[in-house]
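Construct the entire structure; sequences and hints are all you get.
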Amino acid sequence: MTPVPVGPLELLGIDHLLSDEERAVQQSVRRLVDDSIRPRIAQWYEDGTFPAEMALTFGRLGLLGMHLEGYGCAGMSAVAYGLACLELEAGDTGARSFVSVQGSLAMFAIHRWGSQEQKQQWLPRMAAGELIGCFGLTEPDFGSDPAGMRTRARRDGQDWVLDGTKMWITNGSIADVAVVWAGTDAGIQGFLVPTDNPGFTANKIPGKLSLRASVTSELVLEGVRLPADAVLPGIQSLRGPLSCLDEARFGIVFGALGAARDCLEIALDYSRSREVFNRPIGGYQLTQQKLADMTLELQKGFLLALHLGRLKDAGRLEPRQISLGKLNNAREAMAIARQCRTILGANGITLEYSVLRHANNLESVLTYEGTAEMHTLVIGQALTGLSAFS
Amino acid sequence: MNIVICIKYVPDAQADLTFSESDNTTDRLGVEGLLSELDEYAIEAGLKLVEGAVGPDGAASTVTVLTVGPDRAADAIKKALQMGANAGVHVNDEAIHGSDAVATSLILAQAIKKIGIPDLVLTGMASTDGAMGVVPAMLAERLGLPQVTLASEVTVEGETVTIRRDGDLASETITASLPALVSVTDQINEPRYPSFKGIMAAKKKPVETWSLADLGVDAALVGLGAAWTTVESFAKRPPRVKGQIVTDEGEGGTRLAEFLTAQKFA
Ligand SMILES: Cc1cc2nc3c(=O)[nH]c(=O)nc-3n(C[C@H](O)[C@H](O)[C@H](O)COP(=O)(O)OP(=O)(O)OC[C@H]3O[C@@H](n4cnc5c(N)ncnc54)[C@H](O)[C@@H]3O)c2cc1C
Numbered sequence: 001m002t003p004v005p006v007g008p009l010e011l012l013g014i015d016h017l018l019s020d021e022e023r024a025v026q027q028s029v030r031r032l033v034d035d036s037i038r039p040r041i042a043q044w045y046e047d048g049t050f051p052a053e054m055a056l057t058f059g060r061l062g063l064l065g066m067h068l069e070g071y072g073c074a075g076m077s078a079v080a081y082g083l084a085c086l087e088l089e090a091g092d093t094g095a096r097s098f099v100s101v102q103g104s105l106a107m108f109a110i111h112r113w114g115s116q117e118q119k120q121q122w123l124p125r126m127a128a129g130e131l132i133g134c135f136g137l138t139e140p141d142f143g144s145d146p147a148g149m150r151t152r153a154r155r156d157g158q159d160w161v162l163d164g165t166k167m168w169i170t171n172g173s174i175a176d177v178a179v180v181w182a183g184t185d186a187g188i189q190g191f192l193v194p195t196d197n198p199g200f201t202a203n204k205i206p207g208k209l210s211l212r213a214s215v216t217s218e219l220v221l222e223g224v225r226l227p228a229d230a231v232l233p234g235i236q237s238l239r240g241p242l243s244c245l246d247e248a249r250f251g252i253v254f255g256a257l258g259a260a261r262d263c264l265e266i267a268l269d270y271s272r273s274r275e276v277f278n279r280p281i282g283g284y285q286l287t288q289q290k291l292a293d294m295t296l297e298l299q300k301g302f303l304l305a306l307h308l309g310r311l312k313d314a315g316r317l318e319p320r321q322i323s324l325g326k327l328n329n330a331r332e333a334m335a336i337a338r339q340c341r342t343i344l345g346a347n348g349i350t351l352e353y354s355v356l357r358h359a360n361n362l363e364s365v366l367t368y369e370g371t372a373e374m375h376t377l378v379i380g381q382a383l384t385g386l387s388a389f390s
Numbered sequence: 001m002n003i004v005i006c007i008k009y010v011p012d013a014q015a016d017l018t019f020s021e022s023d024n025t026t027d028r029l030g031v032e033g034l035l036s037e038l039d040e041y042a043i044e045a046g047l048k049l050v051e052g053a054v055g056p057d058g059a060a061s062t063v064t065v066l067t068v069g070p071d072r073a074a075d076a077i078k079k080a081l082q083m084g085a086n087a088g089v090h091v092n093d094e095a096i097h098g099s100d101a102v103a104t105s106l107i108l109a110q111a112i113k114k115i116g117i118p119d120l121v122l123t124g125m126a127s128t129d130g131a132m133g134v135v136p137a138m139l140a141e142r143l144g145l146p147q148v149t150l151a152s153e154v155t156v157e158g159e160t161v162t163i164r165r166d167g168d169l170a171s172e173t174i175t176a177s178l179p180a181l182v183s184v185t186d187q188i189n190e191p192r193y194p195s196f197k198g199i200m201a202a203k204k205k206p207v208e209t210w211s212l213a214d215l216g217v218d219a220a221l222v223g224l225g226a227a228w229t230t231v232e233s234f235a236k237r238p239p240r241v242k243g244q245i246v247t248d249e250g251e252g253g254t255r256l257a258e259f260l261t262a263q264k265f266a
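Protein sequences, first through last, are from chains A and B.
Taking my numbering, the leading residue of the first sequence gets 1, the next gets one more, and so forth.
Taking my numbering, the leading residue of the second sequence gets 1, the next gets one more, and so forth.
Treat the hints as calculated values from the structure; they're not laboratory data.
Among the clues, some could well be false.
[Stated by the list, open to error] Restricting the straight-line Cα-Cα distance to at most 20 Å, the calculated cross-link-like pairs of lysine to any residue (SDA-like) are:
{"#": "1", "chain 1": "B", "residue 1": "K205", "chain 2": "A", "residue 2": "D20"}
{"#": "2", "chain 1": "B", "residue 1": "K203", "chain 2": "A", "residue 2": "L18"}
{"#": "3", "chain 1": "B", "residue 1": "K203", "chain 2": "A", "residue 2": "S19"}
{"#": "4", "chain 1": "B", "residue 1": "K197", "chain 2": "A", "residue 2": "N278"}
{"#": "5", "chain 1": "B", "residue 1": "K204", "chain 2": "A", "residue 2": "G70"}
{"#": "6", "chain 1": "B", "residue 1": "K242", "chain 2": "A", "residue 2": "D269"}
{"#": "7", "chain 1": "B", "residue 1": "K242", "chain 2": "A", "residue 2": "N278"}
Since the structure is predicted, the reported quantities are computational estimates derived from the model, not experimental observations.
In structure tokens, the structure reads:
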């Protein structure tokens, strides 16, 4: 008798490495994805939208800023946050990106570098999903090299006045508040810009072929006047935005695997039921080779992610270790998604199955939060002591 | 308002279920277990009732979940606490293994008396493993409470509970005075899943574990030895055979009718 097939992550008994609480988080997010995302994602993807109302659904569960303490946030562990990202991204990278940007970029920036008043004003309603945040660092001419940014904030009496353009900003057009990083006489500073402020416009970027179920925008700041207390008081250097990116990147280390797991589950299922030359394609050695190799990479990636998560919870995670995880897991997830696509044949290129949607999404994941090349250079520098950045 | 909800830890229905070779009881060791899905509806109904209610004396409502089961049944309590119940009681005793519905209802009744008869006892309509659906009635009888079963809607007003029971031809509206026992169907609501705050809060909620002795239940009255029924033997269901595909070449309807007649469906 043929034994009952096991899932790609069950083979290693990974469940037993997680605490009850971590599994509970994972189950709740999986339920949310099954109920609220899977039935509608193909339509969102086709339409090129991500509905802003999803913020409330995420907020009710406690996803937004879940790893932050206080201010209406759940205060959960890094591993729990990672698992939530994994489950969300199994639905779609757009959903995970929304949660990453809200919690790890916008909310984290305020939580880490903001004043008591700023935290009180913004965080509880952002945690509930009543207010949406975005994070503006990248500019049209400065992505990998954000230090070159041209957006400026200058003082005018007590006020600040901001001018510049930010590009590729997730949630830009649906945000209530933008965390905008700008050069000042003191260095690089973060500003909390209400998006209804005069001089602020957000233009949705059309024609994306990746991460379509996510709103990506250009932010234009033309003489945006802000009161003195709009600046984040805690930081005046590039370390501000980079600290936020480390948080979000950590989520990607787990998240990318979610997309890969979904692809692999679909490919496994398909390979058992699709018959070609009178046999299920899963019974051919070439297909089994693909499935076995992908399962190996998925499991290795998960162990790496979990290791980094445990380090983070112990307060010992270094940025270059996150680079290692992000580089490996984004890259391997992409390879898995593409390989799964081949197993589905022509069906693999449609929106009816998730594999090509995931593969296309992972193109963005490979690029944002530091490109694969940048993370390679970080690792190269760690190994050689020589910088190859410029 | 105080509510006690009876919940059961059952083997995962997705798993390959079997009986234990040694005593023909459900094999609980080999498979993952979880809170019986049908009990989630009772938990949701209980939580909804207290969320809306403020007692006349302003006293806080309490939802206590009660389970009779082995060590791992603690998982079912934890899940209920994560969903929002306030406290848990776990009756756990070696002697309980193999208990039938009669014995289970006895243990539940004694435990509820020890907790203190609440305004409402809630249960699911059946467990997903035993699927007999008789425990609610037996329990109400033992507690001397009115039983209003198979509710697809439940409301409490003052000292009265009202339920709607949906039948094939008509829906009945039934009322009973509190305290009462209500069993609910899987049509009554959409059970919530634990929010992260619920998961964090559950860690601090009280759970008591009681033995048969704590309840004053004679061990001879429960367990496999006392059961009124026994499983004498069991056999695996034969594997499913591949379906038969009728290709319609003009006479598809006739072929279908022939098939149904041959299977005695018509
Ligand atoms: C869907 C999406 C959402 C995004 N959301 C946000 C957001 O919310 N907020 C935000 O601030 N930004 C966001 N970004 C921007 C993202 O972070 C940048 O795209 C990324 O940092 C890369 O910058 P770039 O596109 O300008 O590429 P470039 O920096 O121009 O790089 C182009 C190529 O050159 C390579 N390269 C660059 N320098 C070197 C070097 N020294 N050595 C070798 N190779 C090099 C890169 O690796 C890359 O392959 C988003 C991007 C996408 C696609």
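Exercise. Of the hints given before, which are not true for this structure?
Worked result: 4
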